[in-house]
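Chain order of the listed sequences is C and P.
In terms of this note's numbering, the first sequence opens at residue 56 and continues consecutively.
In terms of this note's numbering, the second sequence opens at residue 88 and continues consecutively.
No lab work stands behind these hints, which were simulated from the structure alone.
These stretches of chain P come out as covered by chain C in the derived footprint (C-beta under 8 Å, 3 or more residues):
(1) 129-136
(2) 178-186
(3) 195-202
(4) 221-230
(5) 382-390
(6) 457-470
Just so you know, these numbers come straight off a predicted model, no measurement behind them.
Glycine included, every Cβ here is placed at the ideal spot set by N, Cα and C.
One-letter residues, chain by chain:
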Amino acid sequence: MIRILWAFVLIVVALPARAEVEIQEITTPGGIDAWLVEEHSIPFTALEIRFRGGASLDAPEKQGATSLMVSLLEEGAGDLDARAFARRSEALAASFSYGISDDSVRISARFLTENRDQAVALLRDSLVRPRFDNDAIERVRAQLLSSLRSDLKDPRAIASKTFDAMVYGDHPYARPQDGTVETVTALTRDDLLAAHQGALARDRIYVGAVGDITPEQLSALLDDLFADLPETGAPLPGPAQIKLDGSTQVEPFATPQSVAIFGQPGIDRDDPDFFAAFILDHILGGGSFESRLMQEVREKRGLTYGVYSYLVDKDQAQLWQGSVASANDRVAEAVQVIREEWAKLRDNGVTEQELQDAKTYLTGAYPLRFDGNGPIANIIVAMQMEGLPIDYIATRNDQVNAVTLEQINRVASELLDPDALTFVVVGQPEGLGQAAN
Amino acid sequence: MLRLAAFCLGLFALALPATAQEDVTTFTLDNGMDVVVIEDHRAPVVVHMVWYRAGSADEPAGASGVAHFLEHLLFRGTENMEPGEFSATVSRNGGSDNAFTSYDYTAYYQRVAADRLGLMMEMEADRMVNLKLTESDVAIERDVIIEERNQRVENDPAALFREQKNAAQYLNHRYGVPIIGWRHEMEALDQAKARAFYDRYYAPNNAILIVAGDVQPDEVRALAEQHYGPIPANPDLPERARPQEPPQMSERRMVFRDARVAQPYVSRSYLAPERDSGAQEQAAALEILSEILGGGTTSVLAEKLQFERQIAVFTGAYYGGTSLDDTDFSFIVVPAPGVTLEQAEAALDETLAAFLETGVDAEQLDRIKMQMRASQIYARDNVEALANRYGRALTQGLTVEDVQAWPDILQAVTPDDVMAAARTLLDRRKSVTGYLKGEEVTQ
Numbered sequence: 056m057i058r059i060l061w062a063f064v065l066i067v068v069a070l071p072a073r074a075e076v077e078i079q080e081i082t083t084p085g086g087i088d089a090w091l092v093e094e095h096s097i098p099f100t101a102l103e104i105r106f107r108g109g110a111s112l113d114a115p116e117k118q119g120a121t122s123l124m125v126s127l128l129e130e131g132a133g134d135l136d137a138r139a140f141a142r143r144s145e146a147l148a149a150s151f152s153y154g155i156s157d158d159s160v161r162i163s164a165r166f167l168t169e170n171r172d173q174a175v176a177l178l179r180d181s182l183v184r185p186r187f188d189n190d191a192i193e194r195v196r197a198q199l200l201s202s203l204r205s206d207l208k209d210p211r212a213i214a215s216k217t218f219d220a221m222v223y224g225d226h227p228y229a230r231p232q233d234g235t236v237e238t239v240t241a242l243t244r245d246d247l248l249a250a251h252q253g254a255l256a257r258d259r260i261y262v263g264a265v266g267d268i269t270p271e272q273l274s275a276l277l278d279d280l281f282a283d284l285p286e287t288g289a290p291l292p293g294p295a296q297i298k299l300d301g302s303t304q305v306e307p308f309a310t311p312q313s314v315a316i317f318g319q320p321g322i323d324r325d326d327p328d329f330f331a332a333f334i335l336d337h338i339l340g341g342g343s344f345e346s347r348l349m350q351e352v353r354e355k356r357g358l359t360y361g362v363y364s365y366l367v368d369k370d371q372a373q374l375w376q377g378s379v380a381s382a383n384d385r386v387a388e389a390v391q392v393i394r395e396e397w398a399k400l401r402d403n404g405v406t407e408q409e410l411q412d413a414k415t416y417l418t419g420a421y422p423l424r425f426d427g428n429g430p431i432a433n434i435i436v437a438m439q440m441e442g443l444p445i446d447y448i449a450t451r452n453d454q455v456n457a458v459t460l461e462q463i464n465r466v467a468s469e470l471l472d473p474d475a476l477t478f479v480v481v482g483q484p485e486g487l488g489q490a491a492n
Numbered sequence: 088m089l090r091l092a093a094f095c096l097g098l099f100a101l102a103l104p105a106t107a108q109e110d111v112t113t114f115t116l117d118n119g120m121d122v123v124v125i126e127d128h129r130a131p132v133v134v135h136m137v138w139y140r141a142g143s144a145d146e147p148a149g150a151s152g153v154a155h156f157l158e159h160l161l162f163r164g165t166e167n168m169e170p171g172e173f174s175a176t177v178s179r180n181g182g183s184d185n186a187f188t189s190y191d192y193t194a195y196y197q198r199v200a201a202d203r204l205g206l207m208m209e210m211e212a213d214r215m216v217n218l219k220l221t222e223s224d225v226a227i228e229r230d231v232i233i234e235e236r237n238q239r240v241e242n243d244p245a246a247l248f249r250e251q252k253n254a255a256q257y258l259n260h261r262y263g264v265p266i267i268g269w270r271h272e273m274e275a276l277d278q279a280k281a282r283a284f285y286d287r288y289y290a291p292n293n294a295i296l297i298v299a300g301d302v303q304p305d306e307v308r309a310l311a312e313q314h315y316g317p318i319p320a321n322p323d324l325p326e327r328a329r330p331q332e333p334p335q336m337s338e339r340r341m342v343f344r345d346a347r348v349a350q351p352y353v354s355r356s357y358l359a360p361e362r363d364s365g366a367q368e369q370a371a372a373l374e375i376l377s378e379i380l381g382g383g384t385t386s387v388l389a390e391k392l393q394f395e396r397q398i399a400v401f402t403g404a405y406y407g408g409t410s411l412d413d414t415d416f417s418f419i420v421v422p423a424p425g426v427t428l429e430q431a432e433a434a435l436d437e438t439l440a441a442f443l444e445t446g447v448d449a450e451q452l453d454r455i456k457m458q459m460r461a462s463q464i465y466a467r468d469n470v471e472a473l474a475n476r477y478g479r480a481l482t483q484g485l486t487v488e489d490v491q492a493w494p495d496i497l498q499a500v501t502p503d504d505v506m507a508a509a510r511t512l513l514d515r516r517k518s519v520t521g522y523l524k525g526e527e528v529t530q
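Take the sequences, apply the hints, and build the full model.
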């Protein structure tokens, strides 16, 4: 091979329920890595783009800059002002959506095969040549401020904000990703230009594409899309120091139902015990009706409509979190039952039957996720951000099945930490002090 | 200008098919159960759903919430299954399951590997007729739905506002009663009320089976005949005639205050006709009208109120055309800081009046139709959404033919159709105007 325009790695993954996801790994001539699943039966493509970084790139006094910047990408670009841009994307029947998390900027695009080039040209302008017109900035800023003011009176938003501020100290994760009324009010156009330069850079791009497109076409498309972005972006934050003291903190707010968020330290995706913890979380409160928390808090006592636990794996912090909402006169009991279940699971572990049932569910449910171009594009871009190998889909269920009763119960006793399980309760809860632990 | 516009349109006029291309087969079992099969063989997944033509608007007066309560109770065991065993069995087979209730329907569904379809049917057929409950399970589940109401409604002033506003929109129809129920009536729900609703409505001749995914119609027919076929039809199934709206002759206005409201807004809704089987043209015009007036950045309301006059931070128009009886068409205007709700409402009315004068922008209509054509392509990527589309239609008075004709009917809507629909719709006597506000500040 004299000229290697692009390298291919072709992996055929046979899923347990006989799904096949054929991921091709592409490196474009311009040096962009991407994963592609060709699916030519419907004439459109789903394209998922991620830039590592996101809201955690914002300086404390500029909090919300990345969020406002990303909201403005579709509000005028190149020769088109906001309305002309919207009219153009409607006429092409293309859809672009832009969002952020603490650790990434997300762009989800889908476009028809028939006008792919025109749609991608429009997407390219929004990424590379956003206008940040002053009238657009003020219009979108007003929308963001309206939403931030609403969050100040939304118990769920108050709970998240209070919990993050308490847990993450002075790390960017402690601050709301959309900023505050004060910081967003103070943002300037220069702040947005800086946020754009810092967040959308070539050194942090991840791409997943699924649909009616060949590797050659995708390769050319990506080089066109990203060629004019800066090589390097803003430095990423370091690890967060997590503070969880096991207390129950009440944030008073006049509403009939208290909303609680709780958490303890979590586990890294790379940890050899990750899959054991993942199964443990499923058994504890991972979303099914059969979870212990759902059974004890909802099914046996009727204390809530929903109670959940979930592993939070941010780039710079790992938590094991959960949430519940109960009427003000019942939430204390819900908190107590959750604490008891936490301790019971650490002390007694799970049964062989629970482990087996969890494995059956998790391995059986996995192939069901691959049920559309959009969902598959999301999965393969997330795999790359997590640093998972391209054959992960084929091995994932084996990793679930490899967890033994002995291992999961060792992990339960080592990882579950009722003394660190910290609650933030927003509402007018009866019988919960500031530090009830 | 005209020539330029024509050129641009030519550029984007694509050879998209207007008609749906989804692979749909329908048949009816001997006991009257309708079956819809939607094939999608890209992944070995199946969605199995049973929809009942019974929702909150079919409830007897005084038992609001019983349709939704019964939906919860269907997970609490049968003569053959323990409480919770249904979902546990689905889980153990790697699937997920849930259910939902609306005004006109109650639906149960599982997503599971395609080779487990028979088991899902066996269990769903069982709970269509063999429900068995204990008093303590019923009492606990009543607490659960009250917490659900707390979460969805009581904790959200905008939801309380919508509930009050809906009650004012419908003078006589049960659409004015919340699906989840009024709290005082939910507290009085019991096993007898749930059982009465179950006995009346849960039967194969009042149900629609929808199977979507990696299945063959013949295989679905054989399994359906095996599992649902033996259940006898309910000969006493009542005709579905609910109390209808009288002529609405007086505009209604309301103010809802709650200390938890941070962002006030004004909402205006009008009583509107729904899609009727074989006569969907007016509803299609209203569907397009809602896109023209409030469908996003390029809509008339956004253009006038957000871009030109900058008196709103958000605007929108919504039309719930799929409905068994008369429905509503609504607008929302969220004012910019310093703009009062009175000013926002006046601006809404000025914009609507101006629209009635100037009419439809042809280019905008073309863009909307282009998006609707493309949505037929994108829809094929989500077989579960397709299944829901058929389920909603078939429980709300439409047929499979109506669903499949809908894209062409939308494409055939003319500017004159839109204006005629708008003029009929925008009759203030049939409207409710609501202000959502924070607590009054003493001057």
